[in-house]
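*Asks:* Quick mapping for you: the protein sequence lines, in order, are chains A and B.
Counting from 1, position 261 in the first sequence corresponds to residue 261 in our numbering; the numbering is continuous, with no gaps.
Counting from 1, position 57 in the second sequence corresponds to residue 57 in our numbering; the numbering is continuous, with no gaps.
No lab work stands behind these hints: they were computed from the structure.
No experiment lies behind these values; they were computed from the predicted model shown.
Any given hint might turn out to be false.
As the list claims (entries may be wrong) - Facing chain A, a subset of chain B residues (Cβ under 10 Å, in silico):
1) Gly-24
2) Met-93
3) Arg-108
4) Arg-129
5) Lys-193
6) Asp-235
What the hints assert, rightly or not - Just a few of them, taken from the derived set where beta-carbon distance is under 8 Å, the chain A residues facing chain B:
7) Val-14
8) Arg-282
9) Ser-283
10) Ala-285
For each residue, glycine too, the CB sits at the ideal point set by N, CA and C.
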Amino acid sequence: MSALVQGSAAPPLVNASRFRTAHEAEWDRLDQLVTRMEKRSVRVLSEDEILALPLLYRSALSSLSVARETSLDRALITYLEQLCTRAYFQLYGVPDTALRQLGRFFARDWPLAVQGLWRETLACLVLTLVGVIAGWWLVAADASWYYSIIPDAMASGRDPAASADTLRATIYGSQEGGGLATFAAYLFTHNSQVAIFAFALGFAFTVPTVLLLLYNGLTLGAMLCLFASKGLGLNFLGWLTIHGSTEMFAIILAGAAGMKIGTAVAFPGRYERTEAAVIAGRSAAIAMAGVVLMLLVAGLLEGIGRQTIQQDAMRYGIGLAALAGWLTYYYLPRRREDRDALAA
Amino acid sequence: MPWRRKRERKAPASLRRSFVTPEGVDLRLELASAGTRASAFILDILILFISLILTTVAIGLLGIAKAQAEIFMILWLIGAFMLRNGWFILFEMGGRGATPGKRLLGLRVVARDGGRLTGGAVIARNALREIEIFLPLSFLGMQAADGAADGFLTLFALCWTGIFLFFPLFNRDRLRVGDLLAGTWVVNTVRAKLGEDLVATRAQRPHRVFTDAALDLYGIYELQTLENVLRNGQDDAIVTVAATIRRKAGLPDDGDDYAFLSDYYAALCARLERGMLVGRRREDKHASAGRR
């Protein structure tokens, strides 16, 4: 049937072998460059190497195309695929340097992301106000509502049974046992975690976010009503405003960011659902990073500022100035980023 | 029986995804499996916990010694917050696009559209972890605290949060909720060495010659399986495969299985490539060998 001939005829040459001998040096060089970049960063490459990189990358890509069509050596194709993939991510996928990202974040990304949320921000503001009015109205009508709205741990003695003097002491008394900075740090981390949570919950079609905002408004309204009934309404508002203007704004923005995601998932509009989610998610996430920073400021104001500053006027002044500062920063009209690549 | 129509044969579930570069070449990325990603996450969490415990112990010791407990308390609070939220975000925003756990397992976070991985995307995909991991955990904690007081409510809550936790298992691309929202996915980026050229190493030596009939037995799929066998170099596999090919082709046993297989591989490869040159690509042994 078949003869087994030893040692005659020309050796069978396959494309993979010819191809390897022609290009292996280039692939090796690219491999080395990419490996070095992966270990450190682009900066380890010399000028010549950076110039050579895109050429090597393109030749590796074309090698891959040719190999797929003509060669049956699977090891070769696998090698070229992973080499091209790694090179691609080094060339196209690497983010900016940290410093430039930070600069862009403060100069454009953060305020623009917040601006983009204006509709949701208004909705969240309205929700909070509705909560405040409802809380006030409920407690004014029947003081026992206060106990159902505000948990004991949060009230810590501030309830309808307390005398005006006790309530006054909670507003003007200093924190016991010192530790102002610790208190600030605690407030910051706790509030930020809650804000991030509220943002993430937005994914569930915003329902939990709306509930959180309403509840937040309810507690505020109930407390306001309590202090007002003892003639301490304005003093309480001052106590709250110094940090609350920043903190409430941050909470409203966090809710707005969550709402943006939820509505994008529920009502994607002209986009595909996943696409709408991505567009909303990325910009809302930037706003969230800003919210965490706002809460840092709020934590400092609440933990330190509120305890050391006792005059109402100063408290109002700082709180309102902070609010004005945030509003200008966010909503001052600014030049939109030009969409074409040349402007970058 | 019309109501029992034969279902169309679906392509086998694969984690390879087409990914076309601006140069127009499809890189065919391989997505990370759910198991690998869970392992990477567990690795990260372990590192997080260990570093948190170590710093806590260190701060405890120092705090007592120096009586400056307040500063350490602040450091701890901020540090724990940064670890919980910043660990994933900062590492993934770096050039490698991977946390240490992901790096160890050869994974990388990549934008689905092939663009840069922006800060917004990284923050979005990690902030959503709150409802994927910490929400179910907090419900579990709640149940532990309350006992079975509100059994049904807890069960419902667990089911609801379970949807988010096991989301990656319910979609083809193994996307977390966070990935979905951030427009990212996680791919394997394992480095591979270029294996030696099986044909060229044999080309200089005397070699066997096979008849067309013997070479018509197999197609590309079998050729590449044979390539794997040769590269892995497992003796029993080589013996088995060599025996099978000899039996099918009716060739006598000449005692050197590896050399026989190498020669057969080279000859088959050359023949199949010749076929491809004239547009006859024979995928496997079931495809017709083509008229001659």
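*Asks:* Answer holds if the nearest beta-carbon of chain A is closer than 10 Å to that of B/Met-93; otherwise answer violated.
*Replies:* Hint on B/Met-93: holds, closest Cβ of chain A at ~6 Å, below 10 Å.
*Asks:* Please verify that hint: A/Arg-282, Cβ, nearest Cβ of chain B, below 8 Å or not.
*Replies:* A/Arg-282 check passes; min Cβ-Cβ to chain B is 4 Å, inside 8 Å.
*Asks:* Just to be careful: measuring from the Cβ of A/Val-14 to every Cβ in chain B, is the smallest value less than 8 Å?
*Replies:* holds, 5 Å
*Asks:* Less than 8 Å between beta-carbons is the criterion; does A/Ala-285 satisfy it with respect to chain B?
*Replies:* holds, 4 Å
*Asks:* Minimum Cβ distance from B/Gly-24 to chain A below 10 Å?
*Replies:* Status holds, d = 9 Å.
*Asks:* With a cut-off of 10 Å on the beta carbons, see whether B/Arg-129 makes it to chain A.
*Replies:* holds, 8 Å
*Asks:* Any CB of chain B closer than 8 Å to the CB of A/Ser-283?
*Replies:* holds, 6 Å
*Asks:* Against chain A, is B/Arg-108 within 10 Å by beta-carbon distance?
*Replies:* Holds - the Cβ of B/Arg-108 comes within 10 Å of chain A, reaching about 7 Å at its closest.
*Asks:* Regarding the hint that B/Lys-193 lies at the interface with chain A, is the smallest CB-CB distance below 10 Å?
*Replies:* holds, 7 Å
*Asks:* Quick check on the hint: B/Asp-235 CB to chain A CB, less than 10 Å?
*Replies:* Result: violated, 20 Å to nearest chain A Cβ.
In terms of the numbered hints stated before, the structure departs from hint 6 and from no other.
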